[in-house]
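Keeping their order, the protein sequence lines are chains H and V.
Residue 1482 is where the first sequence starts when you use the numbering used here, and the numbers rise one by one after that.
Residue 77 is where the second sequence starts when you use the numbering used here, and the numbers rise one by one after that.
No lab work stands behind these hints, which were simulated from the structure alone.
Note that the Cβ used here is the ideal one computed from N, Cα and C, for glycine as well.
A couple of the hints might just be wrong.
What the simulated footprint calls covered on chain H by chain V, stretch by stretch (three residues with Cβ under 8 Å from a Cβ of chain V suffice, anywhere in the stretch; the number is not a length) [unchecked claim]:
hint : region
1    : 1557 to 1566
2    : 1615 to 1624
3    : 1673 to 1684
4    : 1698 to 1704
5    : 1733 to 1740
6    : 1758 to 1766
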Amino acid sequence: MNLLWLQSAGCGGCTMSLLCAEDPNALELFEDAGIDILWHPAISEATGAEARGVLESVLAGETPLDVLCVEGSIVTGPRGTGRFHMLSGTGRSMLEWCRQLAPLAEDVVAVGTCAAFGGITAAGNNPAGAIGLQFEGAHLGGALPESFRSRSGRPVINVAGCPTHPDWVTETLLLLAGGNFGDDALDSFNRPRFYTDHLVHHACPKNEYYEYKASARHLSELGCMMEHLGCIGTQAVGDCNIRPWNGGGSCTRGGYPCIACTSPEFENPRTTFTETPKVAGIPVGLPSDMPKAWFMALASLSKAATPERIDRNAKSDRIEVPPKPKRERT
Amino acid sequence: MTEVLVGPFNRVEGDLEVRLEVSDGQVTSAYANSPLFRGFEAMLKGADPRDALTLTPRICGICSISQSAAAAHALAAASGASMTPQGALAAAILHGVENLADHVTHFYLFFMPDFARKEYKGRDWHDAMVDRFTATMGSSQKAALDARARLFHVTGILGGKWPHTLAMQPAGVTRAPTAAEKVRIKATFRAFRRFLENHLFGAPIEEFLACRAASDLDVWTTGDAGLFFQAGRSLGLAKMGQGPGRFLSFGAYPLADGRVTASGVWRDGVVAPVDPSEIVEHVAHSWMQGTRAHPFDGSTKPDEEMAEPGYSWCKAPRLSGETVEVGAFARQVVDAQPLAVALADEGGVRARIAGRLIEVARTQLWLEHWVDALDPGARFMGEFEVPESGRGVGLVEAARGSLGHWVVIDGGRIANYQIVAPTTWNFSPRDDAGQPGALEAALVGAPVGNDETSPLSVQHIVRSFDPCMVCTVH
Chain H
1482 MNLLWLQSAG CGGCTMSLLC AEDPNALELF EDAGIDILWH PAISEATGAE ARGVLESVLA
1542 GETPLDVLCV EGSIVTGPRG TGRFHMLSGT GRSMLEWCRQ LAPLAEDVVA VGTCAAFGGI
1602 TAAGNNPAGA IGLQFEGAHL GGALPESFRS RSGRPVINVA GCPTHPDWVT ETLLLLAGGN
1662 FGDDALDSFN RPRFYTDHLV HHACPKNEYY EYKASARHLS ELGCMMEHLG CIGTQAVGDC
1722 NIRPWNGGGS CTRGGYPCIA CTSPEFENPR TTFTETPKVA GIPVGLPSDM PKAWFMALAS
1782 LSKAATPERI DRNAKSDRIE VPPKPKRERT
Chain V
77 MTEVLVGPFN RVEGDLEVRL EVSDGQVTSA YANSPLFRGF EAMLKGADPR DALTLTPRIC
137 GICSISQSAA AAHALAAASG ASMTPQGALA AAILHGVENL ADHVTHFYLF FMPDFARKEY
197 KGRDWHDAMV DRFTATMGSS QKAALDARAR LFHVTGILGG KWPHTLAMQP AGVTRAPTAA
257 EKVRIKATFR AFRRFLENHL FGAPIEEFLA CRAASDLDVW TTGDAGLFFQ AGRSLGLAKM
317 GQGPGRFLSF GAYPLADGRV TASGVWRDGV VAPVDPSEIV EHVAHSWMQG TRAHPFDGST
377 KPDEEMAEPG YSWCKAPRLS GETVEVGAFA RQVVDAQPLA VALADEGGVR ARIAGRLIEV
437 ARTQLWLEHW VDALDPGARF MGEFEVPESG RGVGLVEAAR GSLGHWVVID GGRIANYQIV
497 APTTWNFSPR DDAGQPGALE AALVGAPVGN DETSPLSVQH IVRSFDPCMV CTVH
């Protein structure tokens, strides 16, 4: 399987994250799986005319293309021309390149939330007119139309995340390379379900605090960050706390909230990223699949039942009170 | 005169197009175009100031923590907050890990593969280069990737993940490490030292830091560094790609008792204090509206017509009207590191790579020292509140050089946010007076062969700066 990787309007962080892949590292993983990198802007030898030659050869149909990976949003500005991002040396916009190359690929993979939905590049007033490959925010239809299908018959595969976990990218590519990408492998936003069937909440180390609604008031405190600090890990898809980042981390393990970076339009939160929007003191955006009245009833019960250990630790930046062993030392 | 257009210019972070005018086998004029505009400064306008801590790291996937640090310090300055001493130390560890990893990524993945090119077949170092540095295949590249990924475990512990952590805040860091995590981090640093000594230097790092003269590099033969110096000698890389000879550093790693490296600007062998009020961004040759301004008064309004004489989305920052070079080498010169000072007049491709190697060795030592100084019983986060109004600047040193964020807050929202990134300095277009940027000047005189479409000398010079193009325009 060969692979062409383009960096469109993004930060390059999904490539940097991919290079954090371990056991094996990204280069060995590709080599072992027979994934041949036609060209990647960060790591391939070919530059300038040589690189243009690779692109032209794919465009002319001389080099059949298996997977087109696009990292970064597609910018449409100014005024729909895409000239805010010309692919250097080619005199053509990245918008145009993506539209021309995508139909030639067996599969198209949008790497990261920018490529999938527009992402951070579309934040605020979206000065560059950033959209995703096949979505504009949560709306189907981006640089490529709603009806787009690659040669395999699949829509753009959206490996969303800001950045993407290295394994999300490598496992998507390994599944494609082995012909094991199932018909039901994508969720409603065309993200691979192997990581979006989980919530960031799953295996979050703050789960016990969540159970009692023992909340952190300030960043660095150990308590649950849902009530005050903007954490939406109970609604955000991703196996971030099941499959650790960089050895053993995750956002919530790092002491800051999940901002649902795998989701379309996460870049424009209702208030600020690190503060929970509330109506009459009650957080909006409670877990999506639980009746609100039940949640409130359970929350007030569990708050009342919070053990002192959990209450104190929640408001501290380290464990002040250890768990009491069930059996006392004799 | 012939014209050569090099693009897509890869193995740099982000998008770069370089236009060359060539006469008699030499570059006579160079024009650096940063062809991507995203508009982070415009996005930030009107936002809650705290959102800068989420948005600005995402300017760049390779200097993400540097952007965090600059934003955190700008907000701290605007609000009167400061990091607790241990919070600043943990922040320095996070930042040091990113800088160290970036230097290694640059050397192994971006810069060295050019020496494995077939054009150099027959040189006595070429077989070793092919074995170690063939792009995406080299044995040293793979070893470096493994070492880099393990080094980033430190950001997993202290920062949750890399890139794009939210751990760094104006008053400290969100994660207080435990005593067990402290020894775990130390173990990771020791393991990284083994990689540096077995692969990069082929000797104890202290031995490399004992080099004090340019001639010491001529006899440094061990490790991947030795292979570079050998190739560099045969290709004349010491005399290739001299920059403006003026070096800027804001001083790296603000700790409670001061910055770890000196701040200053080096001109003709003398280091003078930096006056940030002397920084002005010009726009005459940028696709930007407006006029030149200090970052506090700057604006970001793209010229949608992309009219001439503009040829890049990048603005042209100048210090007291002059171009300066920033980066690891500049930082080490300003800090009076003996080998860097010995190479200051040389100032070309070899000097930049040597500067980065010096900094790799020194950063490893700093990190080992800093982790020993972590106090798991201390406070890692202090108090911070968004001010109703105020202004502040955060000046830090990213892997690629001096990075500044200037924030103006009004009514509790961001009224203006301006960023001048390292490669904005190094790869700027011409300024209002027509003065070329640091790279543009460094490329003049580069040798170009008759049939070269992407001249190798130009590639060595460009990559010796380790440009980060996504930061450049932002």
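Hint check, failures only: 2, 3, 6
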